[in-house]
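S.K.: Generate the whole structure from the sequences, applying the supplied hints.
Chain order of the listed sequences is A and B. Going by full-length UniProt numbering, the letters in the first sequence line up with residues 1 to 509, in that order. Going by full-length UniProt numbering, the letters in the second sequence line up with residues 1 to 318, in that order.
Treat the hints loosely; a few may be bogus.
[To be verified] Looking from chain B toward chain A, a few residues come up when the C-beta cut is under 7 angstroms (computed): (1) A50; (2) A52; (3) A159; (4) F262.
Everything labelled a hint here was simulated from the structure, so no lab data went into it. Since we're looking at a predicted model, the values are computed, not measured. Cβ coordinates follow ideal geometry from the N, Cα and C atoms, glycine included.
These are the residues of each chain, in order.
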Amino acid sequence: MTTKMNRRGFLATTGAAAGALGFLGKAAFAQDGGTLRFGLSAYPPSFDVWASNGTAAGTIKLMCHRGLLSYDKDGVMQGELAESWDVGEDGTWTFKLRDANWHDGTPVTAADVAWTVTEAQKADSAAYLQGQLATITSIETPDEKTVVMKTDGPQAVLPNWFAHYNMSIMKSGSERDSMMGAGPFKLVSTDRGVSLSLEANTDYYKEGMPKVAGVEAIVYADENLRVAALEAGDVDVVEYVPWQAMAQVGDNDSLQLDTTFGPFMYLTFNGSKPPFDNPLVRRAVGHAIKREDIAAAAFYERGAPLEHLPIADASEFYNADLANSWNYDPDKAMALLAEAGYPDGFDCTMLSTAQYGMHQSTAEVCQAYLSMVGINVTLDLPEWSTRIKKGNEGSYDLSVMGTAADNNDPDGLANVLDGSLPAAYARSYGLETPEISELFKKGRAIFDAEERKAIYKELEQIAIDTAPIMGLCWREQGYGLAGNVSGFSNMPGQLTFYSGFTLEEAMLG
Amino acid sequence: MLRYIAFRSLVALFLVWVVVTIVFLLLHLIPGDPAELLLSTGNVAADPQAVAALREQMGLNAPLWQQYLDHMAGVLTGDLGASFRDGAPVIEQIALRLPRTLEVILAASLIATGIGVPLGTYAAIRADGKADAVISFFASASLSTPVFVVGSVVILIFAQELKWLPAGGFVPFSEDPVEHFKLLLMPAGTVALSLLAVITRMSRASVLEVLQRDYVRTARAKGLSRAPILRRHVVRNALIPVLTVLGLEMGTLIGGTVLVEFVFNWPGLSGYLVSAVDARDYPEVVGIVMTISVLFVFLNLVVDVVNAMLDPRISLVR
Numbered sequence: 001m002t003t004k005m006n007r008r009g010f011l012a013t014t015g016a017a018a019g020a021l022g023f024l025g026k027a028a029f030a031q032d033g034g035t036l037r038f039g040l041s042a043y044p045p046s047f048d049v050w051a052s053n054g055t056a057a058g059t060i061k062l063m064c065h066r067g068l069l070s071y072d073k074d075g076v077m078q079g080e081l082a083e084s085w086d087v088g089e090d091g092t093w094t095f096k097l098r099d100a101n102w103h104d105g106t107p108v109t110a111a112d113v114a115w116t117v118t119e120a121q122k123a124d125s126a127a128y129l130q131g132q133l134a135t136i137t138s139i140e141t142p143d144e145k146t147v148v149m150k151t152d153g154p155q156a157v158l159p160n161w162f163a164h165y166n167m168s169i170m171k172s173g174s175e176r177d178s179m180m181g182a183g184p185f186k187l188v189s190t191d192r193g194v195s196l197s198l199e200a201n202t203d204y205y206k207e208g209m210p211k212v213a214g215v216e217a218i219v220y221a222d223e224n225l226r227v228a229a230l231e232a233g234d235v236d237v238v239e240y241v242p243w244q245a246m247a248q249v250g251d252n253d254s255l256q257l258d259t260t261f262g263p264f265m266y267l268t269f270n271g272s273k274p275p276f277d278n279p280l281v282r283r284a285v286g287h288a289i290k291r292e293d294i295a296a297a298a299f300y301e302r303g304a305p306l307e308h309l310p311i312a313d314a315s316e317f318y319n320a321d322l323a324n325s326w327n328y329d330p331d332k333a334m335a336l337l338a339e340a341g342y343p344d345g346f347d348c349t350m351l352s353t354a355q356y357g358m359h360q361s362t363a364e365v366c367q368a369y370l371s372m373v374g375i376n377v378t379l380d381l382p383e384w385s386t387r388i389k390k391g392n393e394g395s396y397d398l399s400v401m402g403t404a405a406d407n408n409d410p411d412g413l414a415n416v417l418d419g420s421l422p423a424a425y426a427r428s429y430g431l432e433t434p435e436i437s438e439l440f441k442k443g444r445a446i447f448d449a450e451e452r453k454a455i456y457k458e459l460e461q462i463a464i465d466t467a468p469i470m471g472l473c474w475r476e477q478g479y480g481l482a483g484n485v486s487g488f489s490n491m492p493g494q495l496t497f498y499s500g501f502t503l504e505e506a507m508l509g
Numbered sequence: 001m002l003r004y005i006a007f008r009s010l011v012a013l014f015l016v017w018v019v020v021t022i023v024f025l026l027l028h029l030i031p032g033d034p035a036e037l038l039l040s041t042g043n044v045a046a047d048p049q050a051v052a053a054l055r056e057q058m059g060l061n062a063p064l065w066q067q068y069l070d071h072m073a074g075v076l077t078g079d080l081g082a083s084f085r086d087g088a089p090v091i092e093q094i095a096l097r098l099p100r101t102l103e104v105i106l107a108a109s110l111i112a113t114g115i116g117v118p119l120g121t122y123a124a125i126r127a128d129g130k131a132d133a134v135i136s137f138f139a140s141a142s143l144s145t146p147v148f149v150v151g152s153v154v155i156l157i158f159a160q161e162l163k164w165l166p167a168g169g170f171v172p173f174s175e176d177p178v179e180h181f182k183l184l185l186m187p188a189g190t191v192a193l194s195l196l197a198v199i200t201r202m203s204r205a206s207v208l209e210v211l212q213r214d215y216v217r218t219a220r221a222k223g224l225s226r227a228p229i230l231r232r233h234v235v236r237n238a239l240i241p242v243l244t245v246l247g248l249e250m251g252t253l254i255g256g257t258v259l260v261e262f263v264f265n266w267p268g269l270s271g272y273l274v275s276a277v278d279a280r281d282y283p284e285v286v287g288i289v290m291t292i293s294v295l296f297v298f299l300n301l302v303v304d305v306v307n308a309m310l311d312p313r314i315s316l317v318r
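M.R.: Here it is in structure tokens:
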């Protein structure tokens with residue numbers, strides 16, 4: 001290569017550079033903290049603040065709203081609109097509010113908190129935490145900045161509810177899908193199905209935050225295009241990096257990959273009829289499937305075997321002695337089947353979906369291994385919406401499911417385990433779990449950490465023996481970031497879908 | 001002629017009614033409850049009470065014939081209803097997205113005709129020669145490569161590797177015209193590629209046929225040189241069937257750009273239809289399908305009428 005530079009070459013180079021700079025224009029230079037471009041996986045189906053409307057909606061809601069509490073990037077609970085919180089001897093929770101303003105400039109008051117809880121706990125509110133909130137029997141506001149909540153029994157896990165991204169506080173009298181909150185960003189405009197523009201809330205209660213001037217959230221429904229957009233420099237952050245692309249993003253020097261093991265895959269059973277009303281058969285299924293093959297086939301080695309309840313090994317509630325209770329052991333599986341009265345196996349249907357590759361691949365691996373112990377599985381792979389309906393109605397024998405618990409507390413698993421809750425596709429159908437339901441209740445009422453550990457250990461032991469669900473594998477959940485993005489983090493474990501909380505700290509370097 | 005047009009318009013209206021009715025019934029036949037879906041996002045149990053309340057609010061508890069009559073009454077007054085998901089008026093969303101899809105189709109048609117007609121003509125003149133073989137091979141290859149393959153490959157080359165163009169998305173023309181056209185380039189080019197194959201083959205066949213005509217021989221006999229014969233006599237006449245095919249292809253594309261819109265994140269009508277079906281958003285689905293069928297039927301009508309004008313014998317046959 002020659003380094004000699006003549007006049008013509010110099011002019012051409014500088015001309016091109018000037019042209020390129022002009023082209024980059026306002027995007028590159030007219031920044032005060034810059035605009036963070038966030039690649040969403042879907043356009044929020046609704047902005048209903050208390051309803052569960054998916055990961056993308058959760059992230060957008062966390063840009064505009066804040067609840068009483070939240071978690072920091074290490075998963076430790078911290079105050080948001082509440083600067084302190086405390087529980088009394090009688091189980092009464094008291095929250096002291098900090099000085100914070102709504103986007104319209106008016107102060108956040110105790111009355112707003114009381115109104116929010118009263119609205120969300122109504123039986124027909126369709127709030128994600130409606131059932132939990134309904135246990136709050138009275139809310140008092142002795143002054144502008146104090147909220148006192150009484151429950152129908154001691155509730156140790158109450159702070160977790162108020163840290164949930166579907167439990168933000170709204171100004172009294174707001175519409176439920178209003179984006180006028182007390183969060184770090186204000187919604188400026190939306191292009192339905194396409195993008196959302198947000199600007200920094202300069203009046204945010206945390207000094208110096210948010211660090212970027214605004215967020216442009218752009219929907220990339222196609223996972224491959226989402227990665228392509230990150231690689232092409234069209235966006236700075238993408239959610240839901242597809243598993244097949246994780247290595248590609250991680251190996252790219254100009255990008256960063258931030259993953260956590262949080263969400264998990266598992267099987268649910270139809271407990272209302274034979275053969276899966278029998279715990280022996282359910283356990284046999286667990287011993288028949290080699291989990292490593294699911295991690296390899298469905299998650300491109302971005303998964304890890306899950307042979308117990310989905311409690312992460314980093315959790316203080318992890319029980320190492322139970323960790324491999326549902327291990328791969330085909331002989332044991334066949335012995336259990338024989339004991340249950342099915343020495344020659346049986347035929348059944350497994351519900352999954354063809355809409356998401358990992359759900360289908362997981363089902364296929366399970367089918368192959370189950371056939372080896374004599375369980376002949378016919379796969380039922382409708383698209384996602386039909387799969388939800390069939391799951392809710394119990395139109396299946398076995399079904400593949402993937403989800404995350406509500407939080408890193410074992411109580412967050414009630415959503416998948418507790419048979420006393422109404423029928424739902426995330427849980428086994430028609431399967432009573434009286435002992436487990438009782439232990440969940442007990443665990444919520446106890447404040448002592450050691451006592452709680454003992455309770456959840458007992459709960460896990462019962463779950464191992466009765467197999468109300470069957471753990472299959474953990475899966476990595478990842479965000480892809482451009483090289484110059486800092487401050488944003490994928491929150492640990494089950495909290496991964498709370499990561500929108502850290503957008504207030506995101507910076508473009 | 002007027003009678004012919006009136007008759008064809010009546011048939012067109014009837015067709016639209018049939019399509020809307022079939023779509024309406026099909027949607028209610030396939031499993032999946034919009035109320036339950038709406039409340040089940042994020043792996044949560046939908047409370048049966050809340051589902052029932054929402055069904056009532058959406059008007060889904062009324063008998064099917066009642067829902068059908070309500071819907072048709074709305075259609076006749078130009079009201080296509082509101083989205084189940086967020087209450088956005090369907091007609092507004094269609095008005096917003098239809099032009100975007102039409103823009104891609106129009107740009108693709110311009111590219112395809114601009115290149116395809118000369119290419120096809122050249123292939124016809126050099127029929128059975130080397131150039132013809134190359135062009136025919138190219139046409140077959142591009143016709144048989146699915147758009148999502150072409151789309152993914154161009155994204156890989158122009159966005160991920162060369163970084164000349166954004167990987168996908170949409171910016172309104174009024175906001176940033178340059179960015180708008182940069183974003184239009186790849187989707188339009190991808191649609192154009194398959195359209196180009198059709199136009200090229202059609203032009204080649206048509207030009208070949210016209211070249212055999214007596215008047216071309218006469219023109220040659222009276223000593224006209226090659227270029228004017230081609231320009232004045234051959235290509236002009238050969239264009240009629242090409243334009244007919246183009247018209248029909250454009251009609252098909254209005255509902256057929258789904259994959260291109262998906263791959264390039266172009267927020268047009270087809271992509272909107274797919275997300276509406278996924279969510280079982282009945283008013284949206286019916287509204288979009290109706291718009292597409294009206295446009296398709298209308299394009300066919302235009303093609304028929306134009307043909308009838310060009311060749312008066314057609315209207316007599318009916």
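S.K.: The structure should be examined with respect to each hint, and the outcome stated for every one.
M.R.: Verification of the supplied hints:
1. A50: 4 angstroms, holds
2. A52: 10 angstroms, violated
3. A159: 4 angstroms, holds
4. F262: 6 angstroms, holds
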